[in-house]
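2 protein chains.
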Amino acid sequence: MSNMPADNSMTELQQLDADTATATATATGRSERAKWLLTSPDPPAPWHQLFSSIKQTLLPQPKPKQPRPNRPFLFMQTLFPILKWGKNYKAAMFKNDLLAGLTLASLCIPQSIGYANLAKMDPQYGLYTSVVPPLIYAVMGSSRDIAIGPVAVVSLLLSAMISKVVDPSGDPVTYRRTVFTVTFFTGAFQTLFGVFRLGFLVDFLSHAAIVGFMGGAAIVIGLQQLKGLLGLSHFTPKTDVVSVFGAVIKALHQQGQRNRKLFWLPAMAPLFSVILSTLIVYLSKGDEHGIKIVKHFKGGLNPTSVHQLNFGGPHVGEAAKIGLICALIALTEAIAVGRSFASIKGYHLEGNKEMVAMGFMNIIGSLTSCYTATGSFSRTAVNYSAGCETVVSNIVMSITVLICLLFFTKLLYYTPLAILASIILSALPGIIDLHAAYNIWKVDKLDFMVCLGAFLGVLFGSVEIGLLVAVVISFGKIMVSSIKPSTEVLGRLPGTDLFCNIVQYPVANKISGILITRINSGTLCFANASFIRERILRSVTDENNTDESGKGRLHVLVLDMTNVTNIDTSGIHAMEELYKQLTAQGIELAVVNPRWQVITKMKAAKFVEKIGANWIFLTIGDAVDVALRLKISGLNNC
Amino acid sequence: MSNMPADNSMTELQQLDADTATATATATGRSERAKWLLTSPDPPAPWHQLFSSIKQTLLPQPKPKQPRPNRPFLFMQTLFPILKWGKNYKAAMFKNDLLAGLTLASLCIPQSIGYANLAKMDPQYGLYTSVVPPLIYAVMGSSRDIAIGPVAVVSLLLSAMISKVVDPSGDPVTYRRTVFTVTFFTGAFQTLFGVFRLGFLVDFLSHAAIVGFMGGAAIVIGLQQLKGLLGLSHFTPKTDVVSVFGAVIKALHQQGQRNRKLFWLPAMAPLFSVILSTLIVYLSKGDEHGIKIVKHFKGGLNPTSVHQLNFGGPHVGEAAKIGLICALIALTEAIAVGRSFASIKGYHLEGNKEMVAMGFMNIIGSLTSCYTATGSFSRTAVNYSAGCETVVSNIVMSITVLICLLFFTKLLYYTPLAILASIILSALPGIIDLHAAYNIWKVDKLDFMVCLGAFLGVLFGSVEIGLLVAVVISFGKIMVSSIKPSTEVLGRLPGTDLFCNIVQYPVANKISGILITRINSGTLCFANASFIRERILRSVTDENNTDESGKGRLHVLVLDMTNVTNIDTSGIHAMEELYKQLTAQGIELAVVNPRWQVITKMKAAKFVEKIGANWIFLTIGDAVDVALRLKISGLNNC
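Going down the list, the protein sequences come from chains X and D. The first sequence lines up with residues 1032 to 1669 when you count with our numbering. The second sequence lines up with residues 1032 to 1669 when you count with our numbering.
By construction, these hints were calculated from the structure, which means they are not laboratory data. Where hints are given, some of them may not hold.
One-sided excerpt, in silico: chain D residues whose CB lies under 10 Å from chain X [stated by the list, open to error]:
{"#": "1", "residue": "Ser-1173"}
{"#": "2", "residue": "Val-1233"}
{"#": "3", "residue": "Val-1251"}
{"#": "4", "residue": "Leu-1529"}
{"#": "5", "residue": "Asn-1532"}
{"#": "6", "residue": "Lys-1632"}
Note that the Cβ used here is the ideal one computed from N, Cα and C, for glycine as well.
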């Protein structure tokens, strides 16, 4: 800003008199600045812009000055980051990873069984999903903290959407085949998103939408599980044990959150309660007294499921659609989780590469009897608290789950279903992020509407309706602000040559006889051009009406176009129309700071010729200067 | 702009030394400006904004200080503008209107018969449509030049869309009833648009889309008519007469365009050729030699068609849909026509009031055997050229057509269909606006894509496809620029304290160690926040890479947020993430000129506390000032 000695108490006329000495110099500067504006080089052609935008989207950015001793190896390193950090892996790191991995497994085993139940699959499929995907991610992914496996929301999503197509209890074989097919599609879409660098698609689900969606989904899951728990209480007093376990788990969980050294307490509690309750049921023969137990539990290594994929049936289109929704939800959760912990530890995750890793792990998962896996928020937090160093903790977890599958599944025969429900329930409070919802409310009320829309949509409609509501409100917001943008009246900040919104800065002064207005829109186009033109004309009328004396009658409208980065032919038409209507009222139009695209198009449409090149200015100050001089000469002529 | 004596050849350090004397004063000004920014009053709540926006849309603006002697009469005057200008109507004006009205009628009668043929209706319905709607418009509309009646594009639209539902040759009665029902819906939608002030809906069809759509429709109509003309030539050599007529009409048309005094030549030519060709066919008994003639032509006053409206049948939903499309197309054409001539004569047309007038004229038209009427471009031009003064010329035309219906329809029995085809053909070149298409190409290449899309869509697809293509491309453009906005690097303009895009202004200089970047988007939201964050981080990396010496290593990133008028929680998150990643690289973040909504939300999200209130500036100059001082103290400490 300038050091111009402008005194607020001086009138503009006095100030102009005082400036007379430097007036010639100022005029020279002004015309030179206007020349810079009018003779700027042509902007790149739209084709060029379009192609470079497509190129930027589809192709990775070239890294400059990369030494290239071994190109294929570098490529492999990019695809498999483990080749890079594996070389520096040390025994001390493995100690930490081993501890974290074992802690993770103890939480993962009961959760996987519970989530498989939620996905209406047999319990072993949850464990399968905790074996293969973590291994694939370990060699391809870049996050050091994320814990891969089945998660509550995706499990619910799968069962809710696939149940509409195939009945899981009536035809469990077709249901399972459809689940694998959907998982394959999920992986394929995720890989495609990554390869074509469409990471921005994930951004379409805003943070607010995700918070609302997750909260709604958690409550839906919770109600389902509670129904199971309450239904059980009619049969046997033994459930008191179960609810006691629930309370114990919750208490431990909170304790663990308060004291970081006790992190293993909430992590281990589910496994302990599973073992304990299983033992109690086994010893008391509770299953004979009505306690529902897991029963079907096939042990052994992941079997292949290649032949179960079904790309020819009547449901293949539906499966692809569900796969697309799962791909987006799973990626959104995984990338949010990955980025949160990466930014705590201070490393960067490349979204597109992560998507490829997630895609591959789900494709390979779908061939080895796994359902859709992604990054789990609760387990990632446990992994981080347990002090994991690298993704090796996922490998340790995977091997532990495998050992459990090979040797200990028979022991889980007597596990009561109710304990699984309570384990799922205990994970839900972590998904309902009231704190985030409150922050959204505080910062942006409209964003909170998006959050609430997604929440209520999931709760009272369905998963798809919730997502649809969120996306529609989000994009509606963008469209409305594009179609009905605001204009604002500017005034001079005292002692400066700065012009700001007179409502935001009550200290700013309007200049009599001159209306300075700014268009608050990035684009002046068919959708908003007439609206903006009418708003400006109305503010001109208002200005003339409020000033009753007639002395301060408008002479010049200064239109600040700083914000308008693009214009189309309808926008140019509106400018021409505005100019014509102002001229009819004897008001001059001064255009300030038209941007690159805008001035180029104005020149092409001969609008610059029409209003006169001397009415285009680089700064509001220049325009006001000229306007004031015009006003004085007008008064002198009277 | 400032008068600061900055010499381009001085380094920033020298300049700073020179400024030392005024440094304290500058610092005081800077902190005061930042205080203004940080202590601005709270913006209105979003509810308030929302309600006032709805109010603005739905309710008319109160006119301040209107004298109110007779409120009901004023209201009537608003509804029926004829009460206002009628009082001042003079005999001299009527002379001009009479001449214009008769000219108009002579063009209107053959065109109406031709367009009825295009709409697959009997010829008298075209004439009916030229009687009632112009009368209604005359008492309710505000345009003084527009000529109301059937037009080519809407006639084509009706027959193309209704033919899919009802076969016009197989079941002409149902077809006619559907046409009236569609016309009723068209009128109802138009009235609703006007009453609820939804005039902006018409803007959704951009100028470019309309140019392309009209051109495509004209060619489709032309090909249809040519087929008729050529098909005829197999039967009889008499068609040579017809093609001669066509050539004559065209020649007269051009002559009329060149010489304004001969305007009546093209206007009268169609009527002359109809009379002449009818006479020839009658005398030579051409109908017995295979020339197709009009034949069915029921004379007399418009019969009522109230009982023909059909709101219960299976096609009512389809009729409403077609009515909506017709309402939009008809309004777009009428408002474009009306506004063009209003701006030539220098009066203003209020869109919403015009829509109500058009709506009423179509509703009443649908009850009196008229199909959809609107403002015709070719006839309006003739009306204007003939020197019309007021809408009375429409009344004259309407009465003339009525007289023709009452007494002369029998004479039109022998009119050859081919002459009607050639009359339609001769009106088409006026609809294909190559000049406008060329201007759009010159000004905005992407807008030309919209135009071309609509043109090709209509030509090779259908009317709906053409419109769909145009709307999708138009909105796609807005969405893409919202989702993938650009950022630009700014430099100082020599001799000033202005900072501009270094590509647009090659004269601008970058400042070593400081990167000044501006976000070119009106909103920083979920859809573009990560994209913008990554772009800025990449430009930081690029900046550090290009400077090999390491001397100019980045110290400060100055982020100009002038253009960002709104931000949501995802945008705030992205800013926090950006700040974190810059801090990790030892780079300070200076935020410049956050707008009202933005600074309020930044304060609510505690982002201001996080980066420190002293890193928020009102101008880039202030931020650069502080950054340079920081850099010097950094160098001194080394």
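Review point. Of the hints stated earlier, which fail here?
Key: 1 and 3
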